[in-house]
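Residue numbers (the numbering used here), protein chains in the order written: chain A, 44 to 353; chain B, 19 to 318; chain C, 27 to 289.
There could be a bad hint or two in this list.
Here are the simulated distance ranges between beta carbons [stated by the list, open to error]: (1) C:ARG48 x A:SER300: 50 to 58 Å; (2) A:SER128 x B:TRP137: 51 to 59 Å; (3) A:ALA320 x C:TYR128: 27 to 35 Å; (4) B:VAL35 x C:HIS180: 27 to 35 Å; (5) A:ARG146 x C:ARG48: 40 to 48 Å.
If we take Cβ atoms under 10 Å as the criterion, some of the chain A residues that face chain C in the derived model are [to be verified]: (6) GLY83; (7) GLY241; (8) ASP250; (9) GLN256; (10) LEU305.
Read the hints as simulated data drawn from the structure, not as lab findings.
Don't be surprised by glycine CBs; every beta carbon is placed ideally from N, CA and C.
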Amino acid sequence: MSLLSVQGLRVEFPTRRGVLTALDGVSFDLDRGEILGLVGESGAGKSMTGAAIMGLIEPPGHMAGGQITLEGQRIDQHPERYRGSHIGMVFQDPLTSLNPLQRIGDQLMETLKIHHGLDDATAKRRAMQALDEVGIEGKRRDHYPHEFSGGMRQRVVIALALASDPKVLVADEPTTALDVSIQAQILALLKQLCRDRGTGIVLITHDMGVIAQTTDRVAVMYLGRLVELGATDQVIHQATHPYTQGLMASTPTLAGSVDQDLFQIPGAMPRLDAVPAGCAFHPRCDRAMPQCKTHAPEFDGRRACFWSES
Amino acid sequence: MSRWDSDFVYAFKRSPVACVSAGVVCLLVLAAVFAPWIAPLNPFDMAALNLMNGFTPPLAPNAFTGETFLLGTDDQGRDLFSAILYGLRVSLFVGFAAVALAMFLGVFLGLLAGYRGGWVDTLIMRMADVQVTFPSILIAMLIYGVAQGLIAPDNRGDLAIGILILSIGLSEWVQFARTVRGTTLVEKEKEYVQAARLMGLNPLAVMVRHILPNVTTPVLVIATITLALAIIAEATLSFLGVGAPPTEPSLGTLIRIGQDFLFSGEWWILLFPALTLLLLALSVNLLGDWLRDTLNPRLK
Amino acid sequence: MNVLETQALTQVFDRSQSAWLRRLTGAAIDQLVAVDQVSIQIAPGETFALVGESGSGKSTLARMIVGLDRPTSGQVLLNGEPFNPRQMSHRRQVQMVFQSPYASLNPRWRVQDILREPLQAFGLRKSGQDQAARVSELLDQVGLSQSDGARYPHEFSGGQRQRISIARALASEPTFLVCDEPTSALDVSVQAQVLNLLKQLQKDLGLTYLFITHDLAVVRSMAHHIGVLKHGQLVEQATADRLFADPQHPYTQMLLDAAPVIA
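Bound conformation, chain A alone:
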């Protein structure tokens, strides 16, 4: 049995111009000690997937189908029982998760006491342990959030998430606001925690470089649908979906050159109120066939596409 399982997830937003389907048939599993990347362009639904797992979809949006299970138990009906304890979260902007008026050591203790009903001494021990793990030591624990740099703040948030010893950690663009040198440190920290504790991590990012460096498996999303899922190496080097291939080819690399143009996918991802019929990607696809315009390809566990190499 996998640790976290998302099956046929569908999220809808009723608006006065009709119902928008933000996520449609998203399914994936996450194992213990595994890092799964969710990658896609802005509006692809990767953050929405993370929000669905945590039960944090903003009303009037709601889960309209599918189920989310943690160790076989459904969690989507009462997400508040699992959020923060069984499932931890790390966001792009660390300041949104920190209380600006409380010393970080105290914040951690408070969280532990509320979530787990620990006594002062145990809470303190666990809080200090968590801060040790992310490399925040000594009197820095008595500092306020504003006294830290962006990278250190993100460490505090990770400690905050890990202090409850969650089984799953959802990290939504945790390094996007950071400089590359700091980004590398945070990603290394996440990887290490995942190995040491067996925490399963869902890493949401738009950056293929981050995916390549950090994740074991990767799910590629487009317009609220899963288009490809597989081992990171495989997806990056032997992508089978035209969108993934295009995404990889249009990503600049250090091995590139000035004299060479980048590959470009024509057009832009449409908005949710203008989802094309058939395969959502077909208007931008250079391999689109007649059936792509009328039928949406099923996701077969690896990819959702009618086109095949042979």
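Assemble the complex: chain A is given as a structure, and chains B and C must be docked to it using the hints.
Chains B and C alone, transformed into the frame defined by chain A:
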């Protein structure tokens, strides 16, 4: 623009408070504009007044002349309904004109303070700080007093309305200036303003062409709320006898006249002008609140 | 001759309290050297990339070069002459493409008015007809359709807005363009479109670029020359091929090591 408009209209239709208060405001404004055609009598035409009609209660025939008046008459025998319509005209005119003055002054000073910064900003905003430490009605009375002192007594009647507008307008500019300055500080750091500077546009052109169109939304909200304040300020000044002259009575003047008769049994002379003022100020205020909530989601 | 050159360009921000307050509290003068004696030369038709992390002073340097801020010391030379931002003939030649696709276009203006403004400001096309013709030429150059001119910025995607921003910068027929992180807010597939467009325009119009970014992979596909900025100082400057093959400064080496590699 089109999206903003349709969302705005949609939100408007869904809010009963907004619809009703906008309806009431429209009705009152139309009544004021078309007062000469709607009013059964011209209340200021001395020749048409009959003192015998004085103190006629609403909807009851006068004991001497047998004439009936919808809302009764005052001590002079003036038809109260007509007097209210004409008073509404004065109140609304003074309100709109005072807001226009406050808006023009506040927007200009706010833009200037926000865009230029430095000592210009300090000077304008300290002036604003000092002014808000006094109640605006006090400022208006001060300006009114000074203006009265400067003007020869013979001209006072003609200029009374102008002085009223000036004193209320000058006492309400601060809120405009503060808001516009704040928005300007944000907008001027945006890249489209830098792009305009890269075209060698002078500061005035940048302020008027680029920043001004982007401060209109908060200005509209404040203008509506200030309109309610200005109408009440006008009524207060007139009630105190330092506002609209008896020859051009506003709602405030009518209320002052009416309060002399409240305890002698002629309650209608006070009640109807007061109700009209309440209705006007309340609906403008509700409309302003709704506009603020709708156009500025941050304040929700 | 270089299209653009900076000579010991320096920007010092004074963060201290006013003189009389300092005397009262005894606080010291507090100054931040944001850009410290930076000298670069950019040859015609080339792209010079300025790389640095946040706080390295790269945007401050850009603002001085285009004349939005006055340098504390040092100077900018345009075609060998001191650059005077107040002189319209100089002003016209140096334009900028900004980072944010959202804040860089006035939300209340139609696209055609945004593009027409520089034509009027620089007096480049007098008649309304000439202006309209130039606007449609610009739309065409950046790959937008003619009907897009009548629309407002919010009707466009991030990538399309960046195209509008580029068209506006091109309107005054500049020789030198500063691109300040023009694609860092865009998605990868759209970033490729915008980078390719910039390269194409460089070839077609003979433009010279100063390209500011924190992304080394983007630099690799755009730049001929690279300068690495750290805490306001230029720590290394070399041709792109040399810098990537054989970085000299430890900081450059660290940046290259930390960059996420797809391998």
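Verification of the hints:
1. C:ARG48 x A:SER300: 50 to 58 Å: For C:ARG48 and A:SER300 the Cβ distance comes to about 54 Å; the hint holds.
2. A:SER128 x B:TRP137: 51 to 59 Å: Between A:SER128 and B:TRP137, where Cβ atoms are some 56 Å apart, the hint holds.
3. A:ALA320 x C:TYR128: 27 to 35 Å: Check passed, 30 Å falls within 27 to 35 Å.
4. B:VAL35 x C:HIS180: 27 to 35 Å: holds (29 Å)
5. A:ARG146 x C:ARG48: 40 to 48 Å: Since the Cβ atoms of A:ARG146 and C:ARG48 sit about 32 Å apart, the hinted range of 40 to 48 Å is violated.
6. GLY83: holds (9 Å)
7. GLY241: violated (25 Å)
8. ASP250: holds (7 Å)
9. GLN256: holds (5 Å)
10. LEU305: holds (4 Å)
In terms of the numbered hints stated before, the structure departs from hints 5, 7, listed from lowest to highest.
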